[in-house]
Amino acid sequence: MIIFIQSLISGILIGGVYALIGIGLTIIFGVMRIINFAHGDLLMLGMYMTYYLFTLFNIDPFVSIVITIPLMFLYGAFLQKVLINRVLGALPQNQILLTIGLGLIMSNTIMLAFTSDYKILSTSYSSSSFNIAGISISSPLVISFLITACITAALYWFLMKTDTGQAIRATAQDREAAQLMGIDVKRMSIIAFGLGASLAGTAGALISPTYYIFPQVGSAFTLKAFVITVLGGMGSIVGATLGGVLIGVAESIGGVYLGAGWKEVIVFVLFLLVLLFKPAGLMGKSKV
Amino acid sequence: MTKRVMALLLTLCLTLPGFAQAAKVKIGFVNSITGPEAPIGENLSNGVTLALEDLKKKGIDVEMVKEDDTGKPEKSMAAFEKMATRDKVAGIVGPYSSKCANAVAKLAEKYKTPLLIPVASKDEITRQNLKWTFRLSATTYDYATILIDMATSLGKPKTIAIINENTDFGTSGAKSAKAYAARKGITVVAEEAYAPGSPDYRSTLTKIKSKKPDLVFMVSYVADAILLMRQSREIGITPQAFLGAGAGFATAQFAKEKEISNNVFSSTQWTGDVNWPGAKEFDKRYIARFGKEPTYHAATAYESMMIMAETAAKAGGNQEKIRADLKAGKWNGIMGEVSFRDYEGYTNQNKHQMLVEQIQNGKHETVYPPKYVSKKPVYPFPGWK
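In order, the protein sequences belong to chains A and B.
Read in order, the letters of the first sequence are residues -3 to 284 in the numbering used here.
Read in order, the letters of the second sequence are residues 16 to 400 in the numbering used here.
Check before you lean on any hint, since a few could be wrong.
Label pairs and their computed distance ranges (CB to CB) [claimed, not checked]:
#  : chain 1 : residue 1 : chain 2 : residue 2 : range
1  : B       : 173       : A       : 215       : 42 to 50 Å
2  : B       : 173       : A       : 101       : 54 to 62 Å
3  : B       : 302       : A       : 82        : 34 to 42 Å
4  : A       : 257       : B       : 274       : 43 to 51 Å
5  : B       : 139       : A       : 1         : 35 to 43 Å
6  : A       : 59        : B       : 81        : 41 to 49 Å
7  : A       : 129       : B       : 193       : 31 to 39 Å
8  : A       : 66        : B       : 211       : 30 to 38 Å
9  : B       : 273       : A       : 52        : 17 to 25 Å
10 : A       : 66        : B       : 274       : 28 to 36 Å
11 : B       : 354       : A       : 126       : 49 to 57 Å
12 : B       : 39        : A       : 109       : 32 to 40 Å
13 : B       : 357       : A       : 121       : 47 to 55 Å
14 : A       : 90        : B       : 93        : 27 to 35 Å
Derived DSBU-like pairs (lysine-lysine); straight-line CA-CA distance at most 30 Å [stated by the list, open to error]:
#  : chain 1 : residue 1 : chain 2 : residue 2
15 : A       : 115       : B       : 81
16 : A       : 115       : B       : 90
17 : A       : 115       : B       : 299
18 : B       : 190       : B       : 366
No lab work stands behind these hints, which were simulated from the structure alone.
Nothing here was measured: the structure is a model prediction, and the numbers come from that model.
Glycine included, every Cβ here is placed at the ideal spot set by N, Cα and C.
For reference, chain A alone in the conformation it holds in the complex (with noise of 0.2 Å):
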């Protein structure tokens, strides 16, 4: 019994972090109709980010998250209005191509400055824990964990009560109405990257000081978001949450009962079973 409260504990903790990153990729797909297919690679960016504050100023890794926000949200700001507003109205396969591209000069700029050495950021408390009950719980996933809700619940009152995320809700619903009804929707498309850039940013940079950074991380979380978005439901936020914990403990428990190697295995045909039953996702409205 406490094996399987360990690892659905750790599966819930490690799944707040996926959602982190599937709630980004998932706004700018219900905005922008868009999946991007760089979103592991600005994840890796907030990871270098975090290393370097860290190494050469000495700021934390949950306290830096403080800077990578912001620049993130500036940078993802900046592809949108440079690159990918661009492409809106394109055939989708350009959109996919696009994003891919970025993301490969992404992770190759990274690499040729940086090397593709593995770095390890190892702070005071990356490996402590705390004991509940016999269950060991470590104290980095935690704050992580607490750091993810925070950022969610504000997202959720940013997009249910402010001006600005109403008219990224109506975006998201129609484009044309809401252009019709005076919403400047590039604006609203290039809020939107930038949330979901920092979105992105900020996951790497809370799973940073347990796990390791190279320039090719990103591939893997790029497809991670993806189940997750669509498991979800694309668009939904709520979908997106729920997704992301649904993976994290699949993986976990997973692993306990069917070996490590087979927890891949899980995560995909629980995916499958999803879209053969519900195929909008957990929480998405069928369309069309």
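Guided by the hints, dock chain B onto chain A, whose structure is given.
Relative to chain A, chain B alone:
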């Protein structure tokens, strides 16, 4: 007249290699210079750099062709083909990792170019009856046996858990550990092969903790070695001993993480204080030159380059002769006595003496076998701080 004499002398120099002042040989070197295995690859590169200096002193001028395989088998194969066909090297040293070396070994046969593998230890590499592939280092079977031998000499372990990366090196290491544990009457209570690069091994480790193994045997490269030990500490696994099968566990990066690396055992091919001729000097010279301790990878690469270049120079670049000389030769250097023999199903395999080191206060200390000990081993594992 003088011109004629000069010309005659020059011709003599060229035809009699022993007579020449600086014999020139072209040697290929395939290594993981970038990519996930780069921190270990760096050790090999540095070892080879020192070897080239020593060769120069001996009057052997090596023209080295260096290729980076980024840790991918297909890249090492491409590098090998380029060296064998376009650069026309006399012999090749490398590549680092088992998956790369295994892929390249068959190419040596195809292109009839002698290949000396310094440290890739997957058992099967020298078990395929390949005539052109030589290996200096011991095999994964030796990695597992020396660790289990040490544990049984220090305590009475009854159970073992095996965690390994699901690549060539990892699977081969786990298989050997399982076979040898069975022979020693130790029960394997858990066997977990993981895909490298996952952020979370906690669930696997929790499962292992519940089995309460006396020994935990791990086969991993650098980043995962650190991650696995970090999470073992979190989960609170306390066996009699953590046994790391070389690779990631033998690096300075791992030892530096004192909180998690202290008292972990690692099998090794070489240590800086072993009494093989020149080993201590090599250790000192390496530290003075590169500012960090060499791992066994550096020593194997150094010795491999020395052997390959000397043999190639003596054979005047004739590949058939190099192969015969490697097979017949005997050396005694920083890796101890080296000779490539056929035994127990191996071909051209050096029967190398393995050692065990333990990390004590951020430093690797030799603790087994008794003949080579520098510090007393800490056994059983005293628990986490």
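Given the hint that residue 190 of chain B pairs with residue 366 of chain B, test it: the Cα-Cα distance must not exceed 30 Å.
-> holds, 20 Å
Agreement of residue 115 of chain A and residue 81 of chain B with the hint, judged by alpha carbon distance not exceeding 30 Å | holds, 25 Å
Proposed proximity, residue 299 of chain B with residue 115 of chain A (alpha carbon, max 30 Å) | The given pair, whose Cα atoms are some 27 Å apart, holds under the 30 Å limit.
Evaluate the given range 54 to 62 Å for the C-beta pair formed by residue 173 of chain B and residue 101 of chain A.
-> At roughly 55 Å between Cβ atoms, residue 101 of chain A and residue 173 of chain B fall inside 54 to 62 Å, so the hint holds.
Distance restraint evaluation - residue 173 of chain B, residue 215 of chain A, Cβ atoms, bounds 42 to 50 Å = The hint (42 to 50 Å, Cβ to Cβ) holds, given that residue 173 of chain B and residue 215 of chain A are roughly 43 Å apart.
Take a look at whether the Cβ-Cβ distance between residue 90 of chain A and residue 93 of chain B falls inside 27 to 35 Å.
-> holds, 33 Å
Whether the CB-CB distance between residue 354 of chain B and residue 126 of chain A falls inside 49 to 57 Å | Holds: the Cβ-Cβ distance is about 55 Å, inside 49 to 57 Å.
Is it true that residue 66 of chain A and residue 274 of chain B lie within 28 to 36 Å of each other by Cβ?
-> The hint (28 to 36 Å, Cβ to Cβ) holds, given that residue 66 of chain A and residue 274 of chain B are roughly 33 Å apart.
Per the hint of 30 to 38 Å, is the separation of the Cβ atoms of residue 66 of chain A and residue 211 of chain B within bounds?
-> Since residue 66 of chain A and residue 211 of chain B have Cβ atoms about 34 Å apart, the given range 30 to 38 Å holds.
If you check the beta carbons of residue 59 of chain A and residue 81 of chain B, does the distance land in 41 to 49 Å?
-> holds, 43 Å
State, for the Cβ atoms of residue 39 of chain B and residue 109 of chain A, whether the hinted interval 32 to 40 Å holds or is violated.
-> Given range 32 to 40 Å: holds, Cβ gap about 38 Å.
Range hint 31 to 39 Å (beta carbons of residue 129 of chain A and residue 193 of chain B) holds or violated | Between residue 129 of chain A and residue 193 of chain B, where Cβ atoms are some 34 Å apart, the hint holds.
When the structure is compared with the earlier hints, violations turn up for hints 3, 4 and for no others.
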